[in-house]
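**Student:** From first to last, the protein sequence lines are chains A, B and C.
Per the numbering used here, the first sequence starts with residue 1, numbered consecutively.
Per the numbering used here, the second sequence starts with residue 1, numbered consecutively.
Per the numbering used here, the third sequence starts with residue 1, numbered consecutively.
Rather than coming from a laboratory, the hints here were simulated on the basis of the structure.
You may find that some hints are simply not true.
Here are the in silico distance ranges between beta carbons for each label pair [said to hold, decoys possible]:
#1 Ser432/C with Pro98/B: 31 to 41 Å
#2 Pro98/B with Gly156/C: 52 to 62 Å
#3 Pro35/C with Arg46/B: 30 to 40 Å
#4 Glu390/C with Leu44/B: 49 to 59 Å
#5 Ser15/B with Gly53/A: 28 to 38 Å
#6 Ala266/B with Glu708/C: 17 to 27 Å
#7 Gly707/C with Ala87/B: 40 to 50 Å
#8 Asp254/B with Glu154/C: 50 to 60 Å
#9 Glu708/C with Asp246/B: 42 to 52 Å
#10 Gly53/A with Asp67/B: 27 to 37 Å
#11 Asp259/B with Glu795/C: 13 to 23 Å
#12 Glu708/C with Leu44/B: 16 to 26 Å
#13 Asp254/B with Ala792/C: 14 to 24 Å
Stretch-level coverage of chain C by chain A, calculated; a stretch enters the list once three of its residues show a Cβ under 8 Å from a Cβ in chain A [claimed, not checked]:
#14 10–24
#15 189–195
#16 500–508
#17 689–703
#18 708–720
#19 723–737
Glycine residues also receive a C-beta, built at the ideal position from the N, C-alpha and C atoms.
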Amino acid sequence: MRVDLHVNGGTVGVDVEPRCTLLDCLRDEIGLKGTHAGCEHGVCGACTILVDGEPARSCLMLAVQADGHTLTTIEGLSPGPGELSVLQDAFCEAHGLQCGYCTPGMILAAHALLARTLAPTRADIVAAISGNLCRCTGYGQIIEAIALAAERLRGANVGMGGTRR
Amino acid sequence: MKPVAFDYVRPASISEACRLLAADDGARIIAGGQTLIPLLAMRLARPARLVDIARIPELAFIRDDADGVRIGSMTRQCVAERDATAARKLPLLAKALPWVGHPPTRQRGTIGGSIANGDPAAEIPLVAVTLEAVITVQDAVGIAEIAAGEFYLGPMITALADDGIVTEVRFPAWDSGRVGTGFHEISARSSDFAFVAAAAQVALDAGGCCTALAVGIGGAGDTPVRLEALSEALVGSHLGETEVRDAVAAACSDLETADDLHASAAYRKRVAATLARRAILDARDEAVGGRHAG
Amino acid sequence: MSEPTAFKYVSHKRRVREDRRFVSGQAVFVSDIAPPGTRHAAVLTSPYACARIVSIDASEALAMPGVLAVVDGRELAAATNSLLIGVDAPLVKRYPMAAGRARYAGEWVAVVVAQSRALAEDAREKIRVAYEELPYVLDAEAAYRPDSIPVHPEHGSNVLLDRRFVWGDVDGAFAAAPHTMSYRVKWGRSATVPIETFGVVASWDPWREMLDVWASIQMPKFADQIARALRMPMSGVRVHQDVDVGGSYGVKRGIKHTVLAGFLARRLGCPVKLIEDRLENMRGGDMHGPERVFDVELAFDDAGLVHAMRMRAIDNVGAYAGRSPLQLGKPVGAIVGPYRIEAVAYHAIAVTSNKTPQEAVRGFGQAPTNYAIETGMDRVAEALGLDRLEVRRRNFIRADEFPYLIPSGTTYDSGDYHAVVAKTVRHAGWESLLAERDRLRASGRLAGIGIASCLEPSGANSSFEPLLNPKNTTTTWMESCRIMVDALGAITLTIHTTSAGQGHETLAATAAGEALDLDPDRIRVVRATSLESLPSNSPVGSRMAIMLGGAAYHAGHKVRDKLVAIAAHQWGVAPTNLRYRNGGVEDPNDGRALEWMDLVLIAHRHYHLMPPGMEPGIAVSHILQVPTGGGLPTPDGRIQMYPCFSFEFHLVLLSIDPEIGKPEIHRYVVGHDCGTVINPDIVRGMTLGGIAHGLGAALLEEFVFDGEGQLLTQSFMDYLLPSANEVPQVEIVHHVTPSPHTVFGQKGSGESGYLGAPAAISGAINDAVRPLGIRFESLPIRISAIGDAIAAATEGQP
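Turn these sequences into a full structure, and let the hints steer you where they fit.
**Tutor:** In structure tokens:
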């Protein structure tokens, strides 16, 4: 089936079987490898992308369901080649990761949170990433990274931006 | 974990969807996909055709009318969570929704999907059973209404026919007295399927006397259950702690509970009573605190 | 880090350079790799715990679209050598797929290769396998009995390892002791379960006779084992070590996956990609952790001093074994924990059963052993009515006793356990913790404080190999680093193994930068394939800070020494008269100096100015043998094992609603001493992550089998990994007791947190429920079990 997907500000036409998940489509048909498969049954959150600005598990969507939506993957957050968004940079500053496998999903979940509020409490941050499992960090430095990003964005007096629409 | 191959079709109307289901034994509805797609990935579900009802406009609505609040089955859980009407008129549903899955799954998951799936540990069916909601189903032959208490027959087994679609759920809204709600759930991790959950809604008159009470238990047995006996026992009382405790103990004394690797049957039975008591008392306190119906 | 440091770069905050590619989605994990023509494999698994494979009919599968081949275990076993086993059990043969007999539910029986993974799974369903079910054994004690059904009949029994050690006069100590006690604890089968499953891509080039391998791997001697199994020269196997690994914590050993993929690539003439899906991973990926029962006896006196210990540890290894039984041996190197126990008898038993095989898990058996030892310390205190902290203080090895030789032959390098405890207790506010516990109790909750003081052996002198298998006389445990300064003065450092998030590139650059007195950010780090690699033993056993840090430091010094020698030659003075600083060399006597680029130019282009006999260019390497290593065990089983011993001290305050039984952690404080810290953010992350793993093992995670050997917890719906909701905020109190064995005084920290958290959390729960006469003696401790135990204990009470 042919379907047109709006990803990271551009439109891509793909021809996929209906059974192809959005996750596999992003990775294998469109070549966006930053979104990862961790469990393929919707628990770990490694496959998290933004659908119309809100986190969703791409392993729990079929590619053929995704037309008409605005999709954002981790590749869509970098402002340009070699450049990091404030949030991505905060993850580097606070070392909010180790192996990096859960990180794209984690950052996208954080991105959606910070688009809603730049003053999240620790509980808000935990709730926002509660659906993203990490086995490396114990979450501590991830939470600090998100809090740091919020603080920097507040200080910078700019909005989240960062996603190419 | 790749699904079997299937066709995919997107009908434009409910009746077209019903026709497609009736025409093919191997056809199945997909709504939010949060429950179905894992089953597809594990090849536990092997449809020949998926009928996607997500964009049928007649299925997504929240309407307040004389009979209660009607929620179209394709209403996304996150939409219901943010809806002002639902918050005002269905406080028990509003209290339960944040417990359903995780924010990303509520982004896609639907009210109707959860209702139709019939997981005994799921929160939305529990609220439906507790409030005596009415579920509207439609197939190629016609439309029928089924009381929630009669809809759930066993774990993941409902009265929905193979070629039927849940089109809406009507939740009664309590219009008189001071209404309060309580919801408690125990799971190994937040947002897991509950070992056991309790939902309670009470209405008090101006003097604090209980005029209506609804309590349901989920996750304990094969289906969510409404504790009818509690309504009889406690309506007319002031919901004092001791009388609530005693009434709950009596009502739960023959509760059938399941044993699995996460929790024992004894645990579920005992904690069902604890959670029911706490939910009723929370509801009472909330009602006393001045929340008015309507 | 607020403490002063003697180092310019080591111990200072530095961004982990690897993070850049991960936050931007630009990492390359094995699933991202697909050479042209790649085909996809899916494995068919046995549904039975034990069965003879009568026949396999793949005809229908082969006829399906896009299917290239179906291969079964018989063909594979004929064409490959069996996989290495760590103990002396040559008749326990293991191949990637079952040949003739399947020995656990989930064992691979056949493999389909097709154009896509989905097509391979479609075809897999069409393979018809006829099985004849056979008797099986699942329980370790049952498997240990001589009359049990052997999983490997050729081996004759289920016993893979049955070894008794006696170090010191154990019987005498027990006879003389005023008190003895015995207890049993069980460590449930769990694992560190990375979010990325194991995967491998193998590609055979018949023209160059080269097998290229990309894998999500953490495995010593990986290329070695591939070559042996596939009957190839090791120089024909090229493992690409720049593949990013999505977490491993021990388990990603994937040798059966790789041998299978390599075999298929050669047989089919196309690259073959085998990525476990989560179900395959949980059930048949062979990455379960220890499943161990400890029977412990302690001999102690009125002061609570433990003089002797007897420990029997039996582990249910599963149907096959690689290195997993050796996880009973590693704890020998820290068998007394941080305590001055004078005599120990250790009985280590590893048995096969018809369960999923085990693999190395973070700590390699130390976490279960610490749980057993710490349980004992709490019990001694309880028996004597003494404070648990005080009992530990009395038993601790004292700071002035290091280096300290323990009965099993290992010398602990350094430590100051009393100082760490004092610091941690002061930070936590012991009195306020007790007061908070009492307040929680007064409010109607059960509340307790858990304590665990544990060692983290680090450096991986893996002498448990010759200890448990005398035929294995390996004593070389090395790590290497190469540094090249190119003709334009840029520095490139090469590391020779894979990494799974430990920040090794940053670590190595920091160590080299310290040696070179140059900003580590100037040093580019690359990875060699196995063919260009110097010897490496992989990041295992908390070794890389010590070993890669050491090798990088020594290599950096070799560069520095060369530059000084070149300068000395220019000026006709002895090198010892000169001073090296910031990449340049100066003569303090008259102020003349040569800068970095001057020296680089001489080395690369001006041979006429070089010292006689010195090699041109600047390319050095250092291959570091593990400190204190190189010895074989004594006949009575004494051996120096790991060189460096980090220390961790956990304090946990938790409470439980008695009607619900769900533990809630209110405060988590850990004191951590891993010597000199090379990168503070990396070490902190390791500790926090280890505690999360430990919490999972203590409360949530278990591979549960039913009575027929079926794994019930096959997916993440039933195997419960802690989320951000479950892991509490952790306060880390830092202390530095340097190691005398390492270049900066660093010790390892890769297993920190995990080694002590289960003991601490279990201890806290037991402290909370003790007033009810309840005691939990196995992990994980589930909410339902807590609730039911409380209900039974309070039955009939108002």
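**Student:** For every hint, state whether the structure bears it out.
**Tutor:** Hint check:
1. Between Ser432/C and Pro98/B the beta carbons are some 33 Å apart, a value that agrees with the proposed interval 31 to 41 Å.
2. Judged by the Cβ atoms, the range 52 to 62 Å given for Pro98/B and Gly156/C holds: they are separated by roughly 59 Å.
3. The hinted range of 30 to 40 Å is satisfied by Pro35/C and Arg46/B, whose Cβ atoms lie roughly 33 Å apart.
4. The beta-carbon spacing between Glu390/C and Leu44/B, approximately 56 Å, falls within the hinted interval of 49 to 59 Å.
5. In this structure, Ser15/B and Gly53/A meet the distance hint of 28 to 38 Å, their C-beta atoms being roughly 33 Å apart.
6. In this structure, Ala266/B and Glu708/C meet the distance hint of 17 to 27 Å, their C-beta atoms being roughly 25 Å apart.
7. Distance hint check for Gly707/C and Ala87/B: the Cβ-Cβ separation is about 49 Å, which falls inside the suggested range of 40 to 50 Å.
8. Against the hinted window of 50 to 60 Å, the Cβ-Cβ separation of Asp254/B and Glu154/C comes to about 56 Å, which satisfies the hint.
9. At about 44 Å, the beta-carbon gap between Glu708/C and Asp246/B stays in the expected band of 42 to 52 Å.
10. Distance hint for Gly53/A and Asp67/B: a CB-CB separation of about 35 Å, consistent with the stated range 27 to 37 Å.
11. Distance hint check: the CB atoms of Asp259/B and Glu795/C are about 19 Å apart, consistent with the given range 13 to 23 Å.
12. Remark: the range hint 16 to 26 Å for Glu708/C to Leu44/B is upheld by a beta-carbon distance near 20 Å.
13. In this structure the hint that Asp254/B and Ala792/C lie 14 to 24 Å apart at CB holds, the actual value being about 21 Å.
14. For the stretch 10–24 of chain C, the stated coverage by chain A is satisfied: 9 residues place a CB nearer than 8 Å to a CB of that chain, which reaches the threshold of 3.
15. Closer than 8 Å: that is the beta-carbon criterion, and the stretch 189–195 of chain C has 4 residues meeting it against chain A, so the requirement of 3 holds.
16. For the stretch 500–508 of chain C, the assignment as covered by chain A holds, since 4 residues bring a beta-carbon within under 8 Å of that chain's beta-carbons and 3 suffice.
17. Only when three residues or more bring their CB closer than 8 Å to a CB of chain A does the claim for the stretch 689–703 of chain C stand; here the count is 5, and the claim holds.
18. A stretch counts as covered by a chain when three or more of its residues have a beta carbon under 8 Å from one of that chain; for the stretch 708–720 of chain C and chain A the count is 3, and the coverage holds.
19. Under a criterion of three residues with beta carbons nearer than 8 Å to beta carbons of chain A, the stated coverage of the stretch 723–737 of chain C is upheld, 6 such residues being counted.
Of the numbered hints given earlier, the model fails none.
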